[in-house]
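Colleague: Here is how the chains run, residue by residue.
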Amino acid sequence: MNPSITFAAKQNFEEMVYLTRQEHFNAAHKLYNPKWSKEKNEQMFGVCANENWHGHNYDLFVTIKGEPDAETGFLYDVKKLSIMIKELVIDKLDHKNLNMDVDFMADKMCSTENLAIAIWQQLSPHLPADVKLYCIKLYETQRIYVEYFGD
Amino acid sequence: MSNNKVAVYRKEHFNAAHKLYNAAWSEEKNKEVFGLCSNKNFHGHNYDLEVKVVGEVNAETGYVIDLKLLSDLVKAEVLDKFDHKNLNLDVEFFKSLNPTAENIVIVIYNILRKQLNEKFDLQIRLYETPRNFVEYPV
Chain A
11 MNPSITFAAK QNFEEMVYLT RQEHFNAAHK LYNPKWSKEK NEQMFGVCAN
61 ENWHGHNYDL FVTIKGEPDA ETGFLYDVKK LSIMIKELVI DKLDHKNLNM
111 DVDFMADKMC STENLAIAIW QQLSPHLPAD VKLYCIKLYE TQRIYVEYFG
161 D
Chain B
1219 MSNNKVAVYR KEHFNAAHKL YNAAWSEEKN KEVFGLCSNK NFHGHNYDLE
1269 VKVVGEVNAE TGYVIDLKLL SDLVKAEVLD KFDHKNLNLD VEFFKSLNPT
1319 AENIVIVIYN ILRKQLNEKF DLQIRLYETP RNFVEYPV
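Just so you know, the sequences run in chain order A and B.
When you line the first sequence up against the working numbering, it's residues 11 to 161, in that order.
When you line the second sequence up against the working numbering, it's residues 1219 to 1356, in that order.
No wet-lab data here; the hints were simulated from the structure.
Wrong hints could be hidden among the right ones.
[To be verified] In silico DSS-like pairs for lysine-lysine, Cα to Cα no more than 27 Å straight-line:
no.: 1; chain 1: B; residue 1: LYS1313; chain 2: B; residue 2: LYS1286
no.: 2; chain 1: B; residue 1: LYS1270; chain 2: A; residue 2: LYS50
no.: 3; chain 1: B; residue 1: LYS1270; chain 2: A; residue 2: LYS48
no.: 4; chain 1: A; residue 1: LYS118; chain 2: A; residue 2: LYS147
no.: 5; chain 1: B; residue 1: LYS1258; chain 2: A; residue 2: LYS102
no.: 6; chain 1: A; residue 1: LYS118; chain 2: B; residue 2: LYS1332
no.: 7; chain 1: A; residue 1: LYS48; chain 2: B; residue 2: LYS1223
no.: 8; chain 1: B; residue 1: LYS1223; chain 2: B; residue 2: LYS1299
no.: 9; chain 1: A; residue 1: LYS118; chain 2: A; residue 2: LYS45
no.: 10; chain 1: A; residue 1: LYS96; chain 2: B; residue 2: LYS1247
no.: 11; chain 1: A; residue 1: LYS118; chain 2: A; residue 2: LYS89
no.: 12; chain 1: B; residue 1: LYS1223; chain 2: A; residue 2: LYS102
no.: 13; chain 1: B; residue 1: LYS1332; chain 2: B; residue 2: LYS1247
no.: 14; chain 1: A; residue 1: LYS48; chain 2: B; residue 2: LYS1337
no.: 15; chain 1: B; residue 1: LYS1313; chain 2: B; residue 2: LYS1223
no.: 16; chain 1: B; residue 1: LYS1247; chain 2: A; residue 2: LYS48
no.: 17; chain 1: A; residue 1: LYS96; chain 2: B; residue 2: LYS1229
no.: 18; chain 1: B; residue 1: LYS1258; chain 2: A; residue 2: LYS45
no.: 19; chain 1: B; residue 1: LYS1293; chain 2: A; residue 2: LYS102
no.: 20; chain 1: B; residue 1: LYS1258; chain 2: B; residue 2: LYS1223
no.: 21; chain 1: A; residue 1: LYS96; chain 2: B; residue 2: LYS1258
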């Protein structure tokens, strides 16, 4: 077989890979809109509006996509990804009060939806150009999770 | 003599805020002993609770205990008091007791023990996270 034909075929082959790092953090929060009365908050958010907070064990899945580097075989160094998530996200959220202690959640409603979007915004600018953030998947409980794809 | 004792279990869960803090200690000592868990603005968990009841299978019903009754009991006596609450601020048992997983499991046992017929054995397992859990009594 002519080796150049094999090489040409490989060049056209798609090699997009998705890589996910799983993390977790424990935090307190409440769902409470300060523009509304206590009654309206309780009507809308129910037990989640408890003024003294409640809390969750959050599970976080960060998925990036790209093509493996020809020399390393890596899409991205997972150690670097792990440190990035730890410093930009986990250290700021773990064992914290999401409403009171987290700079990037200030003035936002601390829903799982908003938290997933904010985590995307924390991480996205720090990835190299050839590595794209694909999905932030965030579990608030084992049975409730949200996904954000940057749309 | 035949032994027809069976263990039946009811699994429940609740979400709560807490902090580990000994008011008799300085801020520094609390941080040293309890680390991140002493964060003054609290943090929180999804707690998973397993209630184990051991007893003889009743000849007429085939039950050890009606699990609907056990479920209603756990809901009224535990979940309604703990779920979506701040354990330190909202739950009377922890006004002067540090809400560690150890103390929470003892409190839950004592609450349920009072309500259950003494012919049953009772044991509680409490998960604070999927990897940290406690059991009482042992």
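Colleague: Hint by hint, work out which the structure violates, then give me just those numbers in ascending order.
Modeller: 1, 2, 3, 6, 7, 8, 11, 12, 13, 14, 15, 16, 17, 19, 20
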